[in-house]
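**Student:** Given the coordinates of chain P, work out where chain Y should sit on it, guided by the hints.
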Amino acid sequence: MTALRNLFSGREVLYFLLLAVLLVVVLPLALDAFRLNLTGKYLTFAFVALGLVLCWGYGGVLSLGQGVFFGLGGYCMAMFLKLEASDMASTARQTTPGIPDFMDWNQVTELPWFWEPFHSLTFTLLAVLVVPAVFAFVIGFAMFKRRVGGVYFAIITQAIATILTILIIGQQGYTGGANGMTDLRTLLGWDIRTDDAKQILYFLCVFLLLLCLVLAHLILRSKFGRILVAMRDREDRVRFSGYDVSGFKIFVFCLAGVFSAIGGAMFTLQVGFMSPSFVGIVPSIEMVIFCAVGGRLSLLGAVYGALIVNLAKTSFSESFPELWLYAMGALFIAVVLAFPNGLAGLYSRYLEPLLDRGWANVRSRAVAVPPAQEKTS
Amino acid sequence: MFADYSAAELTSIFAMQGFAGLSLFSVFVLMALGLAIIFGQMGVINMAHGEFMILGAYVTWLTSGFFSSHLPGLFAAYFPVAILLAFLASALLGGAVEWLLIRHLYKRPLDTLLATWGLSLILQQAYRSIFGAREVGVRMPDWMMGSYAITDMIEVPINGLFVMGISLLTALGVYLLMYRSTWGRKVRAVVQNRPMAGAVGINTQQVDRVTFALGCGIAGIAGSAFTMIGSTGPTAGQLYIVDTFLVVVFGGAQSLLGTIASAFTISQAQSTMEFFLSGSMAKVYTLLVVVGILMVRPQGLFASRIRH
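Going down the list, the sequences are from chains P and Y. Under our numbering, the first residue of the first sequence is numbered 1, with each subsequent residue one higher. Under our numbering, the first residue of the second sequence is numbered 1, with each subsequent residue one higher.
So that you can see chain P by itself, here it is in the shape it has in the complex:
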């Protein structure tokens, strides 16, 4: 019990429960099926933001290519669903039946070898986790072992995001091109397009997100988390103390990649398509702003940041599409200049002391009241 107490402080548990209640009870009751699905879509970006809190906020490694991992996870899932949607019966009118429709349009006559294993769901789920992790490991190993960091790392990850986008768009026959993979229907025969299915997928998404939150929290609370912060603030001292700095960086970068990929896979499942517009530089930098708005040092903040920015984006671009880019630009500048710790920083600086004082008042009154009651009775 004390061990648990060391890992979770009372207040952290309270905030976590508040978020859980909001996501599991309040939102499903308050929103209709369409809005709930939209919220689920926003939450998939919270996975990315969560990864960025670990990697950027605590590790000091800013990756501007998290869209790559989001995309890898999403595409792995989409490949499985697409294969299932392209069975012999529904593709009978194609020149080559049994392959995805976009391949047929692009004169591809047989399924490419790297598509074959995605017939299996087990393989797909493994791929969602392993492919981004391996990819992140290769990038991280090459960069961090040579002590490339900071700005250079940001530029290289950006370049990788660009390369992957151009590759996906250019290789239409294998990837579906700029339209992405659309028309995804069933998961093992279960129709994912119905309202019921979407609701179940939403709860699955929330469950996975909460799981990732707990995992991230445990990691930050461990010795690893301490080293991460030490490394961010004084890298050479940590190195001189005998720690292998690059190993820790590689691990946290891989972890952030895997989180993003889970988000991507959940995105594909809930929204029903995946396209290169979630892979490139622009979406990748947008994902950083979700994390920055929530507060780059706050795990829960990342979730709120992703929800709030996306909600603002949807409602702004519905009513004033012109203003959205101005608002987004201003948000970037404001979050950097005025409140670098985001909403979580504002909360702990202004709101929390107020709440504390209020709470203390309530408590002292609660203590003072019983004797007064005794007197009257």
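All clues given are correct.
Facing chain P, from chain Y, some residues (calculated, C-beta under 7 Å):
#1 Ile45
#2 Leu110
#3 Leu114
#4 Ala115
#5 Gly118
#6 Leu121
#7 Gln125
#8 Val242
#9 Phe245
#10 Val249
#11 Ser280
#12 Met281
#13 Val284
#14 Val291
#15 Pro298
With a cut-off of at most 20 Å between alpha-carbon atoms, the simulated DMTMM-like pairs for lysine to aspartate or glutamate come out as follows:
#16 Y:Lys107 / P:Asp236
#17 P:Lys41 / P:Asp196
#18 Y:Lys107 / P:Glu235
#19 P:Lys41 / P:Asp191
#20 P:Lys223 / P:Glu12
#21 P:Lys198 / P:Asp183
#22 Y:Lys107 / P:Asp233
#23 P:Lys223 / P:Asp244
#24 P:Lys223 / P:Glu235
Calculated from the structure, these hints are not laboratory results. If you're wondering where the values come from, they're calculated on a predicted model, not measured in any experiment. C-beta atoms are modelled at their ideal positions from N, C-alpha and C, and glycine is treated no differently.
**Tutor:** Using the frame of chain P, we list chain Y on its own:
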């Protein structure tokens, strides 16, 4: 992939594609020079660099419009005026941005990156509101049209030659300014040791502001040159920003020569491959090779020997 062509045809193909690459090279050099000054000398990542370039392009477009409606007699000579105006406009905006935004963030390079990205979004939307979302093209004076035939198979367009001339002149100007003038010596002093430079009486803040403005101004010239070979839209700048950063990093951030050499290598590789592969795959291979080399040699081609 070479088997279908005769030797003479191959030579011409390489020459023509080489020249197309040189036009791309010129724009790369101009954009990268500005970035190399800002990033290499100040360590600031300016994600809005492409938008400063587009500002130069729009200024050029406005100037050509003004000349053709008010001073048609002088239309043939509008371009030098346009370049000067483009430089001034971008440099002024750059100075203002440095004062409002960048100077608060010198200690936090990653945050500068995010803030300038925000700036680029705002500028893009501003261009869209002011000039419209459609791409605009500049009407060139007659003497820039047409091409110059070297042999009967090899032709080089005159506007390409002209753009190349501008970039060579600008590169020369930057070299003289950085390595042969008092101001350049101050900039290099600040880069090498900021507190010491301040201690011997250099106004480091002013040096920063002018350096940033100069880099943005050169981006403006790049935009001006860009109108000669392509049309301008509000988001055109974003297409080039990653390439340009790669050019600067690949060349070695603090070396002007390295920047030029890497701009040459990247643009030549890309345009030569473009003839044989599809445009997108040519770009993928080029970028992959560059990223691959950077992973092996992160300091770039021409590393400076300054220790920090």
